[in-house]
Amino acid sequence: MRRVFYLTGTRADFGLMLPTLREVHSRAGLSVEIAATGMHLSAKFGSTVSEVRACGLPVVAEWAVDVDTDDGGAMARGAAAVALASATYFRKRRPDICLLLGDRWEMLATAMSAVLAGVPVVHLCGGDRSGSVDDAIRHAISKLAHVHAPATRGAAERLRRMGEPEDRIHVVGAPGLVGLEALASVPRGDWASSVGLDPGAPIAVVLFHPVVQDATDAGNQMTQVLNAVLAEHFQVLCLMPNADAGSDGIRKVINAASESYPALRVVTHLPRQTYVSVLAGADVLVGNSSSGIVEAASFGTPVVNVGDRQEGRERNANTQDVSVDPAAIRHALQATRRWP
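Numbered per this note's numbering, the sequence shown spans residues 69 to 408.
Treat the hints as calculated values from the structure; they're not laboratory data.
Accuracy of the hints is not assured; some may be wrong.
[Stated by the list, open to error] Here are the computed distance ranges between Cβ atoms for each label pair:
1. N323 <-> G141: 31 to 39 Å
2. S262 <-> D285: 45 to 53 Å
3. D393 <-> R162: 33 to 41 Å
4. D258 <-> A148: 39 to 47 Å
5. R159 <-> D136: 25 to 33 Å
6. A324 <-> A132: 28 to 36 Å
7. E249 <-> M69: 27 to 35 Å
8. S253 <-> P126: 44 to 52 Å
9. P233 <-> G97: 34 to 42 Å
[Said to hold, decoys possible] Here are the simulated SDA-like cross-link-like pairs (lysine to any residue), alpha carbons at most 20 Å apart as the crow flies:
10. K320 <-> D136
11. K320 <-> A132
12. K112 <-> A132
Just so it is clear, CB atoms sit at the ideal spot from N, CA and C, and this is done for glycine as well.
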């Protein structure tokens, strides 16, 4: 039996990867073992470790690190803690494969430990570009990886240009698209009513994460986004950001706005099925989440992509790119329509 270790640090990576992890675990001769860390173990970010525990796959470790402190230093300390914990795990348990997704610091720390412990690393979604510090982390993981599973041919070509061997690059598509349409099973009337919104009136979903290199301006950027959306008279379902540096500024703006605008609803976390249903049924997604670039196109949901966090990603025609400027955001919102 070959044991495949997977580290999950956020609600996002876990939701994207769960169908793939279940498929791997179902194959003869393979078993999956999951370690949860990062935002999963923080009450501030929804204690989503409960979803990991309930997924039906073996959860072999839970590593609590400080994701509540809002600065880059905390991210670095968290990475160091994950590196130490994963190094200890690899030394004691010796999995056959370390499977990692994307560009989070938790993944980079684990990739380093795996390489030094002699555990082969398989990296999904390497070669992508996003225009932020995530690029540096993603490319670093790719250089540590032994096998690459990029989402697109363009990403595969970038890996080749980075010097990765052709026979170790396998284009597999984006794991977040596996079973996506079947997940969108919660009717708009149900999810909208559950958060106090009128399903018969326009609904904008807002999901805006901090850009680490602009962390000190994150709150101001969130203000510009919310002002623009509310000025266009949308009902707003606003999701809280991830734990990167600058997130506290965004959270403060969201909480303050929720006290002033009856049409604004705030949630810390939505289960994957509910989030995908919201993505499919909303009138528009506004922000800088990769789900607007990768997943929203499957439903024809218009996306107003704000700022440069996703600048380098390949995108579809449902996406409008705008600067962090209320006038530009409002103009894009006025132009949104359903794509076939």
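**OP:** Take the C-alpha atoms of K320 and A132, compute the straight-line distance between them, and say whether it is at most 20 Å.
**Re:** 24 Å, violated
**OP:** Hint says 33 to 41 Å; check whether the CB-CB distance for D393 and R162 agrees.
**Re:** 52 Å, violated
Original post:
Do the beta carbons of S262 and D285 sit within 45 to 53 Å of each other?
Top reply: Given a distance of about 33 Å, which is not inside 45 to 53 Å, the answer is violated.
Original post:
Does the hinted range 25 to 33 Å hold for R159 and D136 at CB?
Top reply: Given a distance of about 29 Å, which is inside 25 to 33 Å, the answer is holds.
**OP:** With 39 to 47 Å as the target window, see if D258 and A148 comply at their CB atoms.
**Re:** Holds, at about 43 Å.
**OP:** Take the C-alpha atoms of K112 and A132, compute the straight-line distance between them, and say whether it is at most 20 Å.
**Re:** Distance of about 13 Å is within 20 Å: holds.
Original post:
Is 27 to 35 Å right for how far apart the beta carbons of E249 and M69 are?
Top reply: 33 Å, holds
Original post:
N323 and G141, beta-carbon distance inside 31 to 39 Å?
Top reply: Since N323 and G141 have Cβ atoms about 24 Å apart, the given range 31 to 39 Å is violated.
Original post:
So does S253 sit 44 to 52 Å from P126, Cβ to Cβ?
Top reply: 27 Å, violated
**OP:** Evaluate the given range 28 to 36 Å for the C-beta pair formed by A324 and A132.
**Re:** 29 Å, holds
Original post:
Okay, P233 versus G97 on CB: inside 34 to 42 Å?
Top reply: At 25 Å between Cβs, range violated.
Original post:
Given the hinted pair K320 and D136, is their alpha-carbon gap at most 20 Å?
Top reply: 14 Å, holds
When the structure is compared with the earlier hints, violations turn up for hints 1, 2, 3, 8, 9 and 11 and for no others.
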